[in-house]
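Under our numbering, the first residue of the first sequence carries the number 862, and numbering increases by one thereafter.
A couple of the hints might just be wrong.
What the hints assert, rightly or not - 35 Å max Cα-Cα, derived DSBU-like pairs, lysine-lysine: (1) Lys1240 x Lys1280; (2) Lys1124 x Lys873; (3) Lys1234 x Lys1168; (4) Lys1124 x Lys1254; (5) Lys1178 x Lys1168; (6) Lys1168 x Lys1191; (7) Lys1168 x Lys1280; (8) Lys873 x Lys1006; (9) Lys1148 x Lys1280; (10) Lys1254 x Lys1006; (11) Lys1006 x Lys1124; (12) Lys1006 x Lys1034; (13) Lys1034 x Lys873; (14) Lys1280 x Lys1254; (15) Lys1234 x Lys1124; (16) Lys1234 x Lys1254; (17) Lys953 x Lys1240; (18) Lys1006 x Lys1234; (19) Lys1234 x Lys953; (20) Lys1034 x Lys1148; (21) Lys1006 x Lys1280; (22) Lys1254 x Lys1168; (23) Lys1254 x Lys1240; (24) Lys1178 x Lys1191; (25) Lys1148 x Lys953; (26) Lys1240 x Lys1006; (27) Lys1240 x Lys1148; (28) Lys1124 x Lys1148; (29) Lys1124 x Lys1178; (30) Lys1191 x Lys1240; (31) Lys1280 x Lys1234; (32) Lys1124 x Lys1034; (33) Lys1034 x Lys1178; (34) Lys953 x Lys1168; (35) Lys1168 x Lys1148; (36) Lys1034 x Lys1240.
As the list claims (entries may be wrong) - The calculated label-pair distances, taken between Cβ atoms and stated as ranges, are: (37) Lys1254 x Lys1280: 25 to 35 Å; (38) Ser1301 x Tyr1167: 28 to 38 Å; (39) Thr1077 x Pro1297: 52 to 62 Å.
Since the hints were derived computationally from the structure, they do not count as laboratory data. Keep in mind the model is a prediction, meaning the values are calculated, not measured. Cβ coordinates follow ideal geometry from the N, Cα and C atoms, glycine included.
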Amino acid sequence: MSEPTESSDPLKVSRFTYRQLQGLRQGSTTTPLRVVAHIDLDAFYAQCEMVRLGTPRDIPLAVRQWDSLIAINYAARPFGINRLINVAEARKLCPDLVLQHVATFREGEGGRWAYREDSFRNISTDKVSLDPYRAQSRKILQTMKDALATWGANNTEVEAQNPKQELSAVLEKASIDEVFIDLSPLIYRALLQRYPELRIATQDENRDAELPIPPTTALQWDTDCLVDLDQHETEEDDPGWDDVVMLIGSEIVRSVRNAVWEKLSYTCSAGLGRNKMIAKLGSACNKPNLQTVVRNRAVQNFLNGYKFTQIRMLGGKLGDQITAAFGTEKVSELLHVPLEQLRTRLADHTATWLYGIIRGEDRSEVNPRTQIKSMLSAKSFRPSINSLDQAEKWLRIFAADIYGRLVEDGVLENRRRPKVITMHYRTAQSRSRQIPIPGSGAIDENLLYDLANTLLRQVVADGQAWPCSNLSLSVSSFEDGVSNNKAIEGFLIRGDQAKALSHSSRPRDADNSPSEQASTEKRRKLDGDGGKIKSFFGNQSHLEDTSADEPGSLQEPVEMDAELDGIPREEHDDWHFAKDLASQDREEAKGSQPSLPTKSSARGTTARGRGGRGGGSRGKPEKGQMRLAFQ
DNA sequence: CGGTTTTCT
DNA sequence: GGAGAAAACCG
């Protein structure tokens, strides 16, 4: 491989092996051919409002929360508008700025949020609702999933050869407007399709043999932004397979972004690289509406341009500590510090992690997680509130808010339910209290309110209660449920068969508002709203319907004596059983190690005593939540 | 279980 | 800088 021969020389081999190629199938976190993408919606809340209002892209717009700005679109940025300034200053800088206040809940109106003309004058009675953005986020996520599922679907030849492989991309929702995607399996499939020479010799004996070299001398990077190569690397060198996989990844990401634009009118930016850290940094490089590719040969050059404090996890205390210890914030300078020296000033795994991370190494996996792990509803009081009475009013709103979100999440259908409810309470100092949510019976607004009230009493009883400057309620420790017998069967069937089933027994998505099922709303034309406003106001309410089980919401019934009010006992047990099986299923697949900079990562799995009966779910060493067969 | 840190809009 | 939110970590 050291000869200066022509690229098509059949004697020349790649520096990559079949083993590394195979790594793509299972989502190995160490193969140099891995490709991870990070996709980030541009100024997300601002775009949501632009879409909702039909505001053209070149009109400056900002999203307002009381007197502050929480999102600024790209048209407004040249005016010098940023998050730090207030509304008056923003108007001064840009008189034509469209200022849209976030939707709010209002005291006495239960769980119904609305966009109101006067919300910014009602900070004392209103509470911010981010529901509209969550709803958009769900739609975008679904669109991305669909795009990934259909990418290259016209050719199933390779799948036929590998009936056991799923070969689909893993998508992790990282926040309301960001996803990570491990494109490796999809790219593996494409590679075998496009380069039949890679198919041969996959017998186990040959795993460490080198691959043939790619049959190309130049790659067409389309509209991608390429990060410059490292010193001593040159564009004249023929591309390696690690370049080819990036190109394919880039093609996939472009099609995903295009789907989001065509179907929903949102632009996003993306980064592609060999791991999550690189991808994440990359996506922020060229905004808005562009994608950045960091090839392996460009990684060090790329990182050298950064302060390490901009790398995930190094933005806070840890970053400061490192800066202080080594007298620099620059990646390029920290690079000269040998590992042993890092060890003298930092905890052991922190040092190891840091050493790798500034060299572009990150083996954290993309978790197949698209669902939220906790829900919180909060309010800061200025001025502070001073009575139990006032606090209870907010609890009503919090309970309604969270209940509405639980409904979206599928509590009614028993798909998921939280096990714990927590209250945070701030006076001079802050306190919190949590209690279990009873595992039997339906969760409704009143139950949440009653539990919250119990917590409030506790918290008020055990310290200086007033004045209170901040109050919040959250639910967490979600447990997966199953909505019907079909789904449980789905659990019991393993491997290949489960896959076949998984597509057919898809239980309605609560992702979309019931109103817009076959949303064939394409062709947004910069102005004029093509029914977007309607679709935006999808759900809401679940307000004073504490009595009814709104039968209408269960269209496409889940064939089983619908139990809207709790799971019958025996069934509940079945459900735990199915859960454990699913757990086992997942374990066999992976040998994962997140490798994060922790002080002492003695991963809990603390088999909590928990005297009660409900907590029976025996040791489940799951980190990212498990995926239901139908999800 | 309760507090803290980090990240994001 | 503040408000609201979510996740992960720590002891």
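Which numbered hints does this structure break?
Of the numbered hints, 2, 4, 7, 8, 9, 10, 13, 19, 22, 29, 30, 38 do not hold.
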